[in-house]
Amino acid sequence: MPRDRHGSFFEDFRLNQVIRHATPRTVTEAEASLYIALTGSRHVPHSALTIARSLGYRNRPLDDFLVFNIAFGKTVAEISLNAVANLGYAELRFIEPVFSGDTLRSESVVIGLKENSSRKTGIVYVRSTCYNQDERPILSWVRWVMVLKRRPQSIVKECYEPEFVSAIPSDELCSPGRFSSKVTLDEWCDATGSRILWNDFAPGERIDHPLGMTIEEADHLCATRLYQNNARVHFDAVEMQRSKIGKRLVYGGHVISICRALTYDGLENVLGVLAINGGQHVSPTVAGDTLYAYSEVIDKWNMPGRSDVGALRLRLVGLKNFIPVDVPSAQSATERGGRRHPAVVLDLDYTVSMPCKWLDGNSIGAHSPVDDVLSADPPVAFPNTGDARRPDLVS
Amino acid sequence: MPRDRHGSFFEDFRLNQVIRHATPRTVTEAEASLYIALTGSRHVPHSALTIARSLGYRNRPLDDFLVFNIAFGKTVAEISLNAVANLGYAELRFIEPVFSGDTLRSESVVIGLKENSSRKTGIVYVRSTCYNQDERPILSWVRWVMVLKRRPQSIVKECYEPEFVSAIPSDELCSPGRFSSKVTLDEWCDATGSRILWNDFAPGERIDHPLGMTIEEADHLCATRLYQNNARVHFDAVEMQRSKIGKRLVYGGHVISICRALTYDGLENVLGVLAINGGQHVSPTVAGDTLYAYSEVIDKWNMPGRSDVGALRLRLVGLKNFIPVDVPSAQSATERGGRRHPAVVLDLDYTVSMPCKWLDGNSIGAHSPVDDVLSADPPVAFPNTGDARRPDLVS
Amino acid sequence: MPRDRHGSFFEDFRLNQVIRHATPRTVTEAEASLYIALTGSRHVPHSALTIARSLGYRNRPLDDFLVFNIAFGKTVAEISLNAVANLGYAELRFIEPVFSGDTLRSESVVIGLKENSSRKTGIVYVRSTCYNQDERPILSWVRWVMVLKRRPQSIVKECYEPEFVSAIPSDELCSPGRFSSKVTLDEWCDATGSRILWNDFAPGERIDHPLGMTIEEADHLCATRLYQNNARVHFDAVEMQRSKIGKRLVYGGHVISICRALTYDGLENVLGVLAINGGQHVSPTVAGDTLYAYSEVIDKWNMPGRSDVGALRLRLVGLKNFIPVDVPSAQSATERGGRRHPAVVLDLDYTVSMPCKWLDGNSIGAHSPVDDVLSADPPVAFPNTGDARRPDLVS
Chain H
515 MPRDRHGSFF
525 EDFRLNQVIR
535 HATPRTVTEA
545 EASLYIALTG
555 SRHVPHSALT
565 IARSLGYRNR
575 PLDDFLVFNI
585 AFGKTVAEIS
595 LNAVANLGYA
605 ELRFIEPVFS
615 GDTLRSESVV
625 IGLKENSSRK
635 TGIVYVRSTC
645 YNQDERPILS
655 WVRWVMVLKR
665 RPQSIVKECY
675 EPEFVSAIPS
685 DELCSPGRFS
695 SKVTLDEWCD
705 ATGSRILWND
715 FAPGERIDHP
725 LGMTIEEADH
735 LCATRLYQNN
745 ARVHFDAVEM
755 QRSKIGKRLV
765 YGGHVISICR
775 ALTYDGLENV
785 LGVLAINGGQ
795 HVSPTVAGDT
805 LYAYSEVIDK
815 WNMPGRSDVG
825 ALRLRLVGLK
835 NFIPVDVPSA
845 QSATERGGRR
855 HPAVVLDLDY
865 TVSMPCKWLD
875 GNSIGAHSPV
885 DDVLSADPPV
895 AFPNTGDARR
905 PDLVS
Chain W
515 MPRDRHGSFF
525 EDFRLNQVIR
535 HATPRTVTEA
545 EASLYIALTG
555 SRHVPHSALT
565 IARSLGYRNR
575 PLDDFLVFNI
585 AFGKTVAEIS
595 LNAVANLGYA
605 ELRFIEPVFS
615 GDTLRSESVV
625 IGLKENSSRK
635 TGIVYVRSTC
645 YNQDERPILS
655 WVRWVMVLKR
665 RPQSIVKECY
675 EPEFVSAIPS
685 DELCSPGRFS
695 SKVTLDEWCD
705 ATGSRILWND
715 FAPGERIDHP
725 LGMTIEEADH
735 LCATRLYQNN
745 ARVHFDAVEM
755 QRSKIGKRLV
765 YGGHVISICR
775 ALTYDGLENV
785 LGVLAINGGQ
795 HVSPTVAGDT
805 LYAYSEVIDK
815 WNMPGRSDVG
825 ALRLRLVGLK
835 NFIPVDVPSA
845 QSATERGGRR
855 HPAVVLDLDY
865 TVSMPCKWLD
875 GNSIGAHSPV
885 DDVLSADPPV
895 AFPNTGDARR
905 PDLVS
Chain B
515 MPRDRHGSFF
525 EDFRLNQVIR
535 HATPRTVTEA
545 EASLYIALTG
555 SRHVPHSALT
565 IARSLGYRNR
575 PLDDFLVFNI
585 AFGKTVAEIS
595 LNAVANLGYA
605 ELRFIEPVFS
615 GDTLRSESVV
625 IGLKENSSRK
635 TGIVYVRSTC
645 YNQDERPILS
655 WVRWVMVLKR
665 RPQSIVKECY
675 EPEFVSAIPS
685 DELCSPGRFS
695 SKVTLDEWCD
705 ATGSRILWND
715 FAPGERIDHP
725 LGMTIEEADH
735 LCATRLYQNN
745 ARVHFDAVEM
755 QRSKIGKRLV
765 YGGHVISICR
775 ALTYDGLENV
785 LGVLAINGGQ
795 HVSPTVAGDT
805 LYAYSEVIDK
815 WNMPGRSDVG
825 ALRLRLVGLK
835 NFIPVDVPSA
845 QSATERGGRR
855 HPAVVLDLDY
865 TVSMPCKWLD
875 GNSIGAHSPV
885 DDVLSADPPV
895 AFPNTGDARR
905 PDLVS
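Residue numbers (my numbering), protein chains in the order written: chain H, 515 to 909; chain W, 515 to 909; chain B, 515 to 909.
Next comes chain H alone, as it looks inside the complex:
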C-alpha cells in the first residue's frame, strides 16, 4: 500500500500521534559556510573557530537558525505539505549546540487539533523535537499550521487547543559558551567589533538595523533545498502561478535567517539564541522583496548561575521594502484600526544570551543583580542548569 505522497490532510492527524520524520541529515562545515553565503551571517561563534574555542566549545557551533531550519525542514513532508498557512511558533528551546559531523532527525507529536468553522481547514498543533545521532534532543518547538481537509463534509471529533507559556522560563534555558576571563571577553569584543554588552541594553530600547537584503529566487531556493524542505509553494512556479499571490513564496525560515543576519549591526555581541518564545510570519515574502529589520528589547535578566552572561528577550520585526525608520513600533504589532503595518513580514519574540561587562575579575552581572529590569516572566530562583546540559562543551 503506497503511502500518500501528497502529504497529510487535517483528517489524517490524531491527538498524541507520534510522527517520526524521514531523511536524517549529517551537517558539516559546508552547511556552516553555505549558511553564511546564503544569509550573510556574521555572528562570531559560528564564524571563528578561535573564538568558539575560547568560549569552551570543541568546534564552531552551527548557527542556531541553521539548525532550526534543518530540523524544521524534516517536518514538512508529514506536517505542512498541505498547509494553507504556518500560523505560529512557540516554546522553541535550543537545548544543545550542534557541530560539524552531527546527524539530525526530527520527530513530532500532535498536541492540538481544531477544525475551522468553514470546515474546509483545521489547525494542527505539533511539538517537534530534533535529535542528534546519540538520540539526545538538541532543539524542540511547537508550531501550528492551518491544514486543508480532504473533504469539507468529513467529521473530525477530536478538538483540543493547547496553551503555551509566553516566554521560556530562565531555568529551562540552556547555558551557552562561557567567558572564563576578561581576556576572553576582550578577545570576543575585538572579534565582534562592539563593546556594547548586556549591561548597555534596556527594555523598551529599539535598534534599527542599517542593512537591507533583497531576496533573489535562486537564494531562497538554494537555502530551502539545503534544508531539504520539500514544500511545493517554494519551488514550483507553474503551480504557484495559479495561487492568489501568483509566485513562489520565500520559506519563512529563510526570512527569519535573513532578518537575524541583519541584526548583526547593532546586536554584534549576541552569543547565542536560547529560545523563541513566539513568532509569526505576518505576510508572505517573494523574490524581489528587500528585507529590513529592527529589534526591540522586551526584557533582560541574569542567567541562572552565570555572572558572565545575561539574557535579553528581543522582538525581531522583519519588514519588506520599507526601511525601519519609516515604520513606527506601535504600528508593527497593530496599526490604528487593529491592522498591522503592511510592511511587516515577521514578528519574532526570542531570547538570546550576551556577555556582561567585566569588573574586578568578574562580570558586572554578579555584583549588581539588575532587579530593576527583571520582568515578572522569569522565575525568581536561578538554579544552575549544570554541565549535564552542555555535554559538547570542552570541560
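No lab work stands behind these hints, which were simulated from the structure alone. Idealized CB from N, CA, C, for every residue including glycine. Accuracy of the hints is not assured; some may be wrong.
Far from chain H by the CB rule (all over 12 Å, computed), these chain B residues [unchecked claim]:
1. Q531
2. R572
3. L662
4. S680
5. I759
6. R854
Computed cross-link-like contacts, DSSO-like style, restricted to lysine-lysine with a CA-CA straight-line distance of at most 27 Å [as the list claims (entries may be wrong)]:
7. K634(H) to K758(H)
8. K663(W) to K634(W)
9. K761(W) to K761(B)
10. K628(B) to K671(B)
11. K634(B) to K671(B)
12. K634(H) to K671(H)
13. K671(W) to K634(W)
14. K761(H) to K761(B)
15. K761(H) to K761(W)
Here chain H is said to cover these stretches of chain B; the calculated rule only asks that three of the stretch's residues, wherever they fall, bring their Cβ under 8 Å from a Cβ of chain H [said to hold, decoys possible]:
16. 532-543
17. 741-752
Given the coordinates of chain H, work out where chains W and B should sit on it, guided by the hints.
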C-alpha cells in the same frame, strides 16, 4: 605551439585516440552539501552518516549523479566544447563509491567516428572513465556527440559506429551497501520514510512524482561551475543570444540531477544507482522552466549473490512545464506520428538497487527468486562479484 | 556609547590610525568548493589535493583571490561603507598560503588622507593586513577609496598622499610550491592540460581568453555574503534604485575572481598569484553583464633562488559585453582622446608564478637566465627568500 583553446573539431579526433582530461578534482563534504542545496536531493545514504555506516560504508558516499557530473565536466574541454548536440549515453557503470577526500580525473578513448551526410558535422563516440587518486576506475560511460567540422570540405576517412548493450548485465553491476540485519532495514525505512521495497514494484508500474522544480539561471550556473564544466552554451548569454534558442542552455546533467531528486517522493528506498543503460536529452531546458518527472519500472531482478537487495531497471522521464499526469506514457517516447510529447526533456534508462523485504532472518529475495519478472536481458547466472569491487566498504 | 553603525566618514579617519576589523573567519574546504561553484575556477593547486601534495603543500591551498576577498570583506565595515568609489589597489602581496581550518582576521592602518577640492569627499589610503590564527601575516595590500564627508564645511587638516612601487620587487615575493622533479612537472602538466610553460611567454604577448560568464544577481550576492562583505551597494535593491546606476553593483572582488577564472584557458599553468602591483575597477558591473577577459604579458623574470618556477607580470583586462577580439589593447588603457574603451571594467597588474621547462634534470630557468626579458623593475640580486616564509609547506 599553443594548443587550440577553442576545443576540438570533428577532424581532430582519431579512432582509439586516448585523451587524458585536465583539472583533477578533490571532492569533499562541501560538494555533497552543495549538491543538496542545488538539487534538493534527499536520498538517504548521501544525507545521513548514521545510515551510511549501518550499510557498511566508511563515510557517506557522494551522490552517484554528483560524481557523474564532476567526471563528465572534465571531458567537456576536449570532447564537447564544439558539440552541436549531446546525442546520448550508454553503458554507464558506477564501479566504486566516492568519498570525501577522493581526487577524481577523467580519461576518454575515441571508440567511434561518423561524418554526417551534410559534411558540416560528425558524430564522435567516446568511452570515458573516471579514476580516483589510486588510479582505480570509479565510473565509466559511453557518450556520443555531434561535433562541428572545422571545414565542410575536409575529408575524414575513419568511420566506425560502435554498438552498445541495451542494459548493463547484472554480473557487471557493482555491489552496493549491505543490509546485514532486519535492524538495519528498519533503521533504513525509518530514515527514508517509506516501507515500499523492491518486492513492491512490478514492471510496467508508473510513479508520478508529485514535486516540481523551477530552474533559475543562478542555480544551473552554480551547479555547472561546481562541476568545472566549461561549455560556453551554459554561461555566455551574449553568445547564446545569437543562437536559435536565444538563451543559455541548462546543462543536461543538472536536468538529470533535478529529475532524479524529484523521484525521491515515490522511490524513497533507492539505495544507489548501479548503471545508466541509455539516455537522451530530448529537448533543451532553459532557466524559467519547471521540471517534473515520472518513473516507469522497466524490469527487476535479484542482485548476484545478494538476498538483501534487488535491482530495478527504471525509466526516468523528465518533463518541462507539464505535470506528469498530463503526459501519457505512450506519448513520452513517441507520440502519434512518431514525435515525442513536446514536454519531454529527458528520457533515461537506468538501474538502481533497493532493499528487499526481510523474512525469517533474511530478505525475501533469497527465498522467492522472482523469475517471473526477470527479463531476457540479465544473465542467468548471478556470480558474486566479490569484495574486490568494494574496497571502500568497511569489512 | 553605541558606535556609529552607519560606517566611518572622511572626518573620522586619522593618519596612522590602526583599525582592527571585526568578525574573524575560519575557512574550510567548503569555502574552496563554494569558490569553484561561484566563479568556475579550475586552477589546479586549489582543485586537486594530489597535485597540491606533489608541490609540497600539506593540503590544497585556498585560491589566492578567495583569500583576498575574505580578507577584504572584513575591512568594509570600517573603511568603505560610505565609499563613493573604490579607486585602486597597490602593493598586494600573498605572503603565506591559507589552508582549510585557518582563521583569518584583518587590520588596517590609515596611511594617507586627502580631501577633494569639492570638499564633499576625501580619499582615504589604507594598508591592510590579514593575519591567520597564529598572528602571522598572510596577505597585505594598499587600497584607496573616495569616502563621503559628514559635512562639506568640516575642516580636515591632515593631508598626505603616499606613493607606491609600480611592482612588488622579486625579493619581496614569496616562494610558491616547488617542482622537485620532472615527474612532478609532468604530473602537473597532465593536470593542467597544457605544456605551455614560463619559457613560452614573451612580454608584449596577448592572450584572449575564449570563455564568457554572465553574472546573475544571486551569484554575486552569494559570493559577496560568503566574504561577509556588508556594503549596502551590493545587497539593497530598494536603496540602489535611488542611485545613478539604479541597480545593485557587483562587488569588484567578484569581478576579479570571475575574470581570473576565465584566464584558465590560456594560462593553465599559473601556479599561484604572488602580488597585485596595481589595479582599478574602471567601471561598474551589474547583474546581466557578461564578463570576458584578455591578458597581456608585461614582464617576466626568474624567481629568486628558484630554477623550477619563474615569475610573469600580467595585465588582466576585464570586459563587459564585448568579446576580447573586439577590444584592441591600445584602447583598453586609454582610447583616442584619453578615454578608455567603454567595455573595460577591470584593469589589474599582477604577478604570478609558473613552472619552467625542465632540461637535464633541472629547469631551463637555471641554465639560461632570461636577461633579455628582464625589465628594470625587478632587483638585480635574487636572494633566496628562505624557508622561513613557507612554514606551511611540508618540508
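Open item on the list: Can you confirm whether the C-alpha distance between K663(W) and K634(W) stays at or below 27 Å?
Closed with: holds (5 Å)
Open item on the list: For the region 532-543 of chain B, count the residues whose Cβ lies under 8 Å from any Cβ of chain H; is that count three or more?
Closed with: holds (count 9)
- [ ] Could you grab the alpha-carbon distance between K634(H) and K758(H) and see if it respects the 27 Å cut-off?
- [x] Satisfied, since the Cα-Cα distance of roughly 17 Å is no more than 27 Å.
- [ ] Would you mind confirming whether the straight-line C-alpha gap from K634(H) to K671(H) stays at or under 27 Å?
- [x] Status holds; Cα separation ~15 Å.
TODO: Just double-check S680(B) for me: nearest Cβ-Cβ distance to chain H has to come out over 12 Å.
DONE: holds (35 Å)
Task: chain H versus R572(B) - minimum CB to CB distance exceeding 12 Å, so not interface - done: holds (18 Å)
- [ ] Assess, step by step, whether the Cα of K761(W) is no farther than 27 Å from the Cα of K761(B), and give holds or violated.
- [x] Between K761(W) and K761(B) the Cα gap is close to 22 Å, so the pair holds against 27 Å.
Task: Given hint K671(B) paired with K634(B) - CA-CA distance at most 27 Å - done: holds (15 Å)
TODO: Mind verifying the non-interface call on R854(B)? Its CB should be farther than 12 Å from each CB in chain H.
DONE: Non-interface label stands for R854(B): nearest chain H Cβ at 30 Å, farther than 12 Å.
Open item on the list: Tell me if the straight-line CA distance from K761(H) to K761(W) falls inside 27 Å.
Closed with: holds (22 Å)
Task: Status of I759(B), Cβ more than 12 Å from any chain H Cβ - done: holds (15 Å)
Open item on the list: Please verify whether K671(W) and K634(W) have alpha carbons no more than 27 Å apart.
Closed with: holds (15 Å)
Of the numbered hints given earlier, the model fails none.
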